[in-house]
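The listed protein sequences derive, respectively, from chains A and B. No gaps in the numbering here: position 138 of the first sequence is 138 in my numbering, and each next residue is one more. No gaps in the numbering here: position 61 of the second sequence is 61 in my numbering, and each next residue is one more.
It should be emphasised that the hints constitute simulated quantities derived from the structure, not laboratory data. Do not rely on the hints blindly, as some may be mistaken.
Unchecked claim - Distance ranges between label pairs, derived from CB positions:
id	chain 1	residue 1	chain 2	residue 2	range
1	B	V75	A	S127	39 to 45 Å
2	A	M74	B	S96	31 to 37 Å
3	B	D93	A	A111	35 to 41 Å
Stated by the list, open to error - Chain A regions said to be covered by chain B (calculated; three or more residues, Cβ under 8 Å):
id	stretch
4	5 to 17
5	25 to 32
6	38 to 44
7	56 to 69
8	130 to 136
9	150 to 162
Computed from a predicted structure; not experimentally measured. Where is the CB? At the ideal position from N, CA and C, for every residue including glycine.
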Amino acid sequence: MMARVAFLVIAGIAVAAALGLVLRRNAIHGALFLVMNLGCVAALYLMLGAEFLAAAQIIVYAGAIMVLFVFAIMVLIPGKEETGPDPRKAWRLLAAPLGGALLLELVLLVASRAAAPAATGATASGSVATIGRLLFTDYLLPFELTSVLLLAAMVGVLLLARSREGTAQSPGPGPEASLRASAPPRRAEREVGVR
Amino acid sequence: MIPESWYLTLSAALFTIGVVGVVIRRNPLVIFMSIELALNAANLALVAFGQRTGNPDGQALVFFVMAVAAAEVAVGLAIIVAIFRVRQRLSVDELSVMRW
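Here chain B stands alone, though its shape is the one from the complex:
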């Protein structure tokens, strides 16, 4: 049986990589993928916690996180495409204002 702390350590590592990706990348699509990475790390921790306490509620929560992530990705990508239509560029350094 694998100890729970192993899963939590892996989850922490993946979450950290996702956060660092959000900070260092300039491409909004890659930033978005890094957010997905961090979300997945949180999901992994949730499932590990659920296994420890022995009830499947954590897994139901992960299911909802997945559904919300799907909605979030659809809306976020639509926003990125809309920005690209107007600006013809995609660098977060240039997207510092909320209007155009």
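Excised from the complex, chain A in its bound form:
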């Protein structure tokens, strides 16, 4: 009983935070709402017995990934995109019935899972020892491929973030400054020429 009340509270906070992310205009507020949502999901992982995933969720998602997001938001200074009148408001309002239909479909799917195999009763341990053993035995090849993927992503990001002129640009006073500096008027001319 106690667990159910806790679940409902955490689920309510998670849904509210998700709605905050989608409905608030300020991107920074959205990022903080998403951090709250990720924390709630980590708490649910704990309730499911997945301790390793709860810790990884906090460290990888709420820590590393969201810091990257907040950093990008600060650098790019967005927000002006969504203050003006929306020329496609009618189309976007279609998202409400479509989302409602999707939710209805998913909930009906969950409700109609009578044919699903019954619970075995055995609860899977989510401790670091269990997951670690699994990762380094059954899932050794995917695990190593993940490291290759992360390396490829790192190299790709370096390539993308390099200044386009190809000159080795020394790290300036900040990403923002180098962004401003690396957008010469020449490019504007070229854009006009293209059109």
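Model the placement of chain B on the given structure of chain A, informed by the hints.
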């Protein structure tokens, strides 16, 4: 013990909110965060399924999803920054062509 269907319903709700966010927002960064929301909903469903069947394979899968999401976020944000450098604007309505 909390029934599995509760977790799945919550997962469905979060996934739907993420999808709606992708559709209605104009800021690519917020769209990206909505995608992360949907990914997390799928992760939650995976862990719930793993608990029902009683083996930890679902949790290993979630671990890989997290690693791939980290790589995806890094590359995606780099692409957004590169677009911003060229266009000086960040509205997905204006980014309708694959060249500039």
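Here is what the structure says about each hint:
Between V75(B) and S127(A) the beta carbons are some 32 Å apart, a value that contradicts the proposed interval 39 to 45 Å. The hinted range of 31 to 37 Å is not satisfied by M74(A) and S96(B), whose Cβ atoms lie roughly 27 Å apart. For the pair D93(B) and A111(A), the supplied restraint of 35 to 41 Å holds, since their beta-carbon distance comes to about 38 Å. Under a criterion of three residues with beta carbons nearer than 8 Å to beta carbons of chain B, the stated coverage of the stretch 5 to 17 of chain A is upheld, 4 such residues being counted.
With 3 residues having a beta carbon nearer than 8 Å to a beta carbon of chain B, the stretch 25 to 32 of chain A meets the requirement of three or more and the stated coverage holds. Counting residues of the stretch 38 to 44 of chain A whose CB lies closer than 8 Å to any CB of chain B gives 3, so the stated coverage by that chain holds, three being the minimum. Restraint check on the stretch 56 to 69 of chain A versus chain B: 8 residues with Cβ-Cβ distances below 8 Å, three needed, restraint holds. With a threshold of 8 Å between beta carbons, the proposed coverage of the stretch 130 to 136 of chain A by chain B holds, since 4 of its residues qualify and at least three are required.
Only when three residues or more bring their CB closer than 8 Å to a CB of chain B does the claim for the stretch 150 to 162 of chain A stand; here the count is 8, and the claim holds.
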